[in-house]
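Student: With the hints as extra help, turn the sequences into a complete structure.
Protein chains in written order, with the working numbering: chain H, 25 to 160; chain U, 25 to 160; chain G, 25 to 160.
Calculated directly from the structure, the hints in this document are not laboratory data.
One or more of the hints may lead you astray.
Which copy is meant is left open, so a pair is good if it fits within one copy or across any two.
[Claimed, not checked] Here are the computed lysine-lysine pairs in the DSS-like style, where the Cα-Cα straight-line distance is at most 30 Å:
(1) 35 with 93
(2) 48 with 35
(3) 48 with 30
Each chain, written out:
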Amino acid sequence: MKVYSKSIRVKTSSSVEFVNITDKVVEAIRESGVKDGLVNIFVPHTTVGLYINEDESGLKRDIDTVLSKLVPQGAGYMHDRVDYNAHAHIRSTIISPSITIPLNGHRLGLGTWQSIFLAEFDGPRERRLIIQVIGV
Amino acid sequence: MKVYSKSIRVKTSSSVEFVNITDKVVEAIRESGVKDGLVNIFVPHTTVGLYINEDESGLKRDIDTVLSKLVPQGAGYMHDRVDYNAHAHIRSTIISPSITIPLNGHRLGLGTWQSIFLAEFDGPRERRLIIQVIGV
Amino acid sequence: MKVYSKSIRVKTSSSVEFVNITDKVVEAIRESGVKDGLVNIFVPHTTVGLYINEDESGLKRDIDTVLSKLVPQGAGYMHDRVDYNAHAHIRSTIISPSITIPLNGHRLGLGTWQSIFLAEFDGPRERRLIIQVIGV
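Tutor: Following this line, the structure appears as structure tokens:
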């Protein structure tokens, strides 16, 4: 049984940005040599999330639009007295910082239209990503 | 250490439908022979999600009602110019396509009232489900 | 390869309450002796969720405020005819009962500002928490 861990830096360039990190995950799996098991992706930040969906520019805008409507910036949050980013923390609570995907025959279990995204909600910043591969 | 993987087809019969897949997961665990570890369930689709909650018909309607209010169909989404299902993609982003559950003594760690649901948001379709069991 | 499992009781003291359970998870990891792998935390309940974010009292209030606005109590839910807690079930569907975190060098992969919270949506109650550590 093997456990392979890789830490990666991702630079975001605007306040809200959804970065396709699928290639980085695929590369870590190749490096790991693990054939069958699980891949966990985790961001050690409180204003970032991870999600899986289609990499279509309109859809990425739509996801931002909906999250901005459900959790608007500056809506009188108590946390904004500490730091003006409560909306980013709350969106990160809804879009979790952790995702787990099956790995079979050295291949990630993603479907044809699925990509993995790091969702920046309080950028631009340099973010860290942990890719953990566990299996045989 | 064992890794057992099973791919299952699930047919949905309406545009929105929450299908209780607990029995299929329990069956895969039995087949795996794994006693203690983790079970990851994953749907390789961008308009489907997985959630755990009670199998009560009223509650299933309520969850649909709330998601339909938070992410209404046809609300001027950019992705709807490509394919008229942006609402399904966005709901799938909120209700993640992956869930992980502990396994102890050959038993899934679900509580008395918990069932596992495949949430179809753009049916009817035939969907695929990956059940990955890892442990000893 | 080791699998270590621990079941913990957590008492909540009001209807909605976010309890920081990070110390309990860290303690379970120490007991497990596992150095590298994955930690899965799971609540076997349908009106509780788990999330990771900052332990700041204003932010905790903000998260409650937003969830209460998105999924208000008593909004004519069908499940409320069975038991007056549909809002808690639906919030638990959005804030999942399962979270997975990487473990490296005996250390949980949490970032500086991240804490793990049990989100009670239908308390006060005694809740159960399963911490599963898997790895080498």
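Student: Taking the hints in turn, state whether each one holds.
Tutor: Do the hints match the structure? See the list:
Within a single copy, residue 35 and residue 93 get their C-alpha atoms as close as 26 Å, which meets the 30 Å cut-off; across copies the closest is 33 Å, which misses it. Taking the shortest alpha-carbon separations for residue 48 and residue 35, only the intra-copy value of 13 Å comes in at or below 30 Å, while the best inter-copy value is 33 Å. Taking CA atoms no more than 30 Å apart as the test, residue 48 paired with residue 30 passes in both settings, with 10 Å inside one copy and 26 Å between copies.
Checked against the numbered hints listed earlier, the structure breaks none of them; every hint is satisfied.
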